[in-house]
Structure formats: C-alpha cells, structure tokens
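Chain order of the listed sequences is A and B. Here the first sequence stands for residues 1 to 223, numbered as in this note's numbering. Here the second sequence stands for residues 1 to 223, numbered as in this note's numbering.
Hints are not guaranteed to be accurate.
Treat identical chains as interchangeable: a pair holds within one or across any two.
[As the list claims (entries may be wrong)] The list that follows gives simulated cross-link-like pairs (lysine to aspartate or glutamate, EDC-like), each with its CA atoms no further than 16 Å apart: (1) Lys3 x Asp54; (2) Lys99 x Asp11; (3) Lys150 x Glu70; (4) Lys217 x Asp113.
Keep in mind that the hints were calculated from the coordinates and are not lab data. Since this is a predicted model, take the numbers as computed values, not measurements.
There are 2 protein chains.
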Amino acid sequence: MTKKDVIVLKDLLGTNKQIAAKIRQELRSRGILCVNLLSSPGSGKTTLLEGLADRLKSPYRIAVIEGDIETERDAERIRAKGVPAWQITTGGACHLEAKMVGKVLPGVPGDIDFLFIENVGNLVCPAGFDLGEGLRCVLLSAPEGDDKPKKYPQAFLTADVLILTKSDLVPFLPFDPDKAAAEALSMNPRLRVFRVSALKGEGMDELAVFFADFLAKERAGRA
Amino acid sequence: MTKKDVIVLKDLLGTNKQIAAKIRQELRSRGILCVNLLSSPGSGKTTLLEGLADRLKSPYRIAVIEGDIETERDAERIRAKGVPAWQITTGGACHLEAKMVGKVLPGVPGDIDFLFIENVGNLVCPAGFDLGEGLRCVLLSAPEGDDKPKKYPQAFLTADVLILTKSDLVPFLPFDPDKAAAEALSMNPRLRVFRVSALKGEGMDELAVFFADFLAKERAGRA
C-alpha cells in the first residue's frame, strides 16, 4: 500500500466508525438487537437465518438486511419465511459499510426486536467495518476446515459469537470442532461458541434462546 | 466510494496490470505455465494442490506460491509433498497483487514447468488482480452451494477453468453440480469445467492431464 492508499483507508474507516456509532445508538434506544453475521461465501448464513426466523418470528418481530455483490436471492429466501428483508447489492464491493445500512434503516419498522444483517460472503474485508451491530457473529462451516481462525484472524478477533455450522457433515470430513473452537478461543477468549446444523435443526433452539436472552439482558441493562 | 477512492483504486489496478504483464511475459519466455487458484476460504485449494503435486511432480518440476493473511500453514503442507513453496503473508490484505508475486519470483528456480499460485481465500477481491498467470482457476466446493456464480460474478467471469471441489460430499448436500456449472457457463461460456474430490482422488487424474496438455500446447504455440 502507498501512503495515499493508507490515508484513504483511514478516512474511510473513520467515517464508517462515526456512522456505525450513530446506528448503534439509534437501534439501542429503540430496544432493537442488531446482529451482524460474517463468514465466507457458503458457510450457511442464509440457511441459519431461515432457521432462526422459524424459531424467533413468534413471539418476536424480526427483520433482515441482506448484503450481496449481486442478486436478490438471499432476501427472497428470507421473505419466503414471512420475514421482511431488504437486499443491499454492493455491485462489486466486498463488504457492507455502515452508510449502506444507514440508507436502508428508515424503511425498517421501528418496533422490531431483532435486526439481522447478513454481510457479503467474505471472511476478510467485512471484519474491518463496524455496522453498528450489538452482536457480531462469525460463522465457520465444517467443510472449511479447522485451521481457519489463525489464517483469517480479524473476523475471529472482533466477533462476540462463533457459530460452527454444518455440524451434520463432521462425520465425513477431516474437521475437529474442538480444535477449531480452541484455536478461536486462544485468540479471543470472550467468544461464545455454538455448534449447529441449520439444515437438520441441531443446536438451533439453543442459539435462538441465546439471542432471546441477550436481547432481554440488553433491555434490562438499559432499564 | 468517493471520487478519491476511485482514483486510488484505478491507479492501483493500472500499476498491477503493468507488473502482471511483465511477469506473464517472463514466465512464458521460460516456458513456465503459471496457474492462479482463486476461491473462498476452505474450498480446498491446498488439498487440490497436494493432489496435483502427487500427480505432476514427476516428470514435471513444480513450485507453489501460497498467499495467506497469516500463518505458513499452507506452504508447510506443500513442502511436505516435496515441492518447493513460498509463503506470502499479506498481513491483512484480502488478495495477492502482482508486485507481491514479483518479489518472490527471483527466488523461484527458472527451470520449473508449473508455478501454482494459491491466492488468499476470498471469492471477491482476488478476482480484480491479474498476477501474470497463464490460467486462472476458480474453485467452488459443493458445501458452498450451487447459487454462488451469479452472487460472486467477477471470479467466474474472469476464470478460464471452474473446478467443482469436494464432490464426495454431494450426496449429503442440497447441491446440484449441473446447476452450478450451467450458471457459471451461462456467464462465461469458455470455462472448462472439472469435478473433483481431492480427498478421495476422484477426477484428479483428468485435471492433472488437462494441465499437462495445456502446458504442451502453450509450448508448441510458442515454438
């Protein structure tokens, strides 16, 4: 990187941080828990959201913002669950930024409980951009391999929750969930770790309960 | 993106293109086929290279450049196959650039046949950066889903070869290899498509033969 590149990047991150702080304050004041889901393409973010929608949409009100480079495919899958979804297509950009979320927010109902944001599928770039979320979740699917946390550190260092997905495939893979979790925890001991198969439903009730409890604690903390 | 960001990006891509053209010319003049492997984290790039090393290292001489954000893990796996490997750790950057490859090249023996470059695991950013390769291969693993080509278009539009990996997992997944291939081909009809399981060895001989044939044709074309 040249000196000019570094200055541009610093400006970009500084502006993003300010916008994210405003979004966080606004959502908190409304009692909305915003969850930013971050992972490689195909780690199962949308399938996880479909499973969470089934479990949380009653008694809670949820909404989803979908980030993708192209297509409305993910938003359509979420809408098919009866959950309102907004698709942001970045048209090439490799991550969501707070200002993109800020543009969508005025259209999102103010009385929801959860706002899930599915970031662009990318384990690298989205980690650098705060979207104003209250919880950041990084997904790591069994087929990706248990060596990923140290190879892609920033996502694991900045997350609050690690969700090991596609656990139904573990018997067919050279993947050790304990090793993956231990490596991530050695980098970031405050991570909450969950193992799920969204496709088979394993571990999904526990994850939904975790989000519901977290929301309740957040609201109690503000009370 | 602001106007300033766009100018910086254009400068960066322009400079990269010039360096890549020099690398391409140099490698071609030496009769070396350079292959750039591009995919999400955990699509199986390193396992594919291990399988290709077993099949190509005799009678060919091969070398590997590994791109990662952190760790020497991938280079160590390749060296364990008796193949020389150079690890580039980008320290945060989400893709390799031609100048990074250019810095490593003087140390790579001039009499090799194949130079494989494993890019940083990222289906987005590496697609924009020519490394001077003679062949660009995009990997899509079965667990990632057959909806990815149109969601992450640039990698599929700029590749010469599509390698559908982890085919041994297809029976356990909602993944249709024909659908994935058809979608990618609808975007880029010149793609050569292969289906492999590097772990089980399926399709790997055919892929190795393809690379050997391509090298022979390249050399004959220059003769």
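- Message: Going through the numbered hints above, which ones does this structure break? Give me the numbers in ascending order.
- Response: 1
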